[in-house]
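Engineer: Below, each chain spelled out in residue letters.
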Amino acid sequence: ETGVTQSPTHLIKTRGQQVTLRCSSQSGHNTVSWYQQALGQGPQFIFQYYREEENGRGNFPPRFSGLQFPNYSSELNVNALELDDSALYLCASSAGLDYTGELFFGEGSRLTVL
Amino acid sequence: AQSVTQPDIHITVSEGASLELRCNYSYGATPYLFWYVQSPGQGLQLLLKYFSGDTLVQGIKGFEAEFKRSQSSFNLRKPSVHWSDAAEYFCAVGAPHDKIIFGKGTRLHILP
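Listed in order, the protein sequences are those of chains A and B. Going by the numbering used here, the residue at position 48 of the first sequence is 48; the numbering climbs one at a time, nothing skipped. Going by the numbering used here, the residue at position 29 of the second sequence is 29; the numbering climbs one at a time, nothing skipped.
Source of the hints: derived by calculation from the structure; they are not laboratory data. Backbone N, C-alpha and C fix where the C-beta goes; we use that ideal spot for every residue, glycine too. Among the hints, erroneous ones may be present.
Claimed, not checked - If you anchor each label on the Cβ, the simulated ranges turn out as follows: (1) B:54 x A:41: 28 to 38 angstroms; (2) B:3 x A:80: 24 to 34 angstroms; (3) A:15 x B:72: 16 to 26 angstroms; (4) A:114 x B:52: 46 to 56 angstroms; (5) A:71 x B:45: 39 to 49 angstroms.
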């Protein structure tokens, strides 16, 4: 069974740039959730995708957007990067909306905005 | 409003001592409750979860947690900690068709 994988693991951007983070969900999972974890904080929910549709969004501006593909992998896009966007971005997959059981997390993509 | 409070930012215990990490939640419906652990540079791993039934749940690595509805709490316990338990612990709450919300975490330090 393949776990959740994220890429890249680390990246550095400058203010105003755009970034795309990628996530491959665990085999058999059709739901992907994205979280932002700032230093010293708990994960903050960004949004969730279920069968290629956005299903729930946290308190993040529209410049945070996402996609889910037919193979259930996902992308997180952030436009017009700000210094406060520096964080660990975590992707988690799960088996479906009716099962809010375990989230399976990747190891994250650490974004630094200079 | 949905929220999770972990009142202790840092906790230090000696190896072999018992441990209790506190978690309080606010949720409109009957919640699903979780504890996750995060080691440095790694993603989050589920320790245990509570959906219904017996309010004392057992998890991996010798951890257990007790759901107390009257106190809106879901505290994590371990009778004897090991040096390898040093990590950050997150309590989380969710429900069917809803997102999972995390607390800010408690960092556990172990003294030799």
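Engineer: Compare the structure with each hint and give your call.
Structural biologist: Structure-based check of each hint:
For the pair residue 54 of chain B and residue 41 of chain A, the beta carbons lie near 32 angstroms from each other, so the given range of 28 to 38 angstroms is met. With their beta carbons about 29 angstroms apart, residue 3 of chain B and residue 80 of chain A fall inside the hinted range of 24 to 34 angstroms. Distance hint for residue 15 of chain A and residue 72 of chain B: a CB-CB separation of about 41 angstroms, inconsistent with the stated range 16 to 26 angstroms. For the hinted restraint 46 to 56 angstroms between residue 114 of chain A and residue 52 of chain B, the CB-CB distance of approximately 48 angstroms keeps it satisfied.
Between residue 71 of chain A and residue 45 of chain B the Cβ separation comes to about 25 angstroms, which falls outside the hinted range of 39 to 49 angstroms.
Checked against the numbered hints given earlier, the structure breaks hints 3, 5 and satisfies all the rest.
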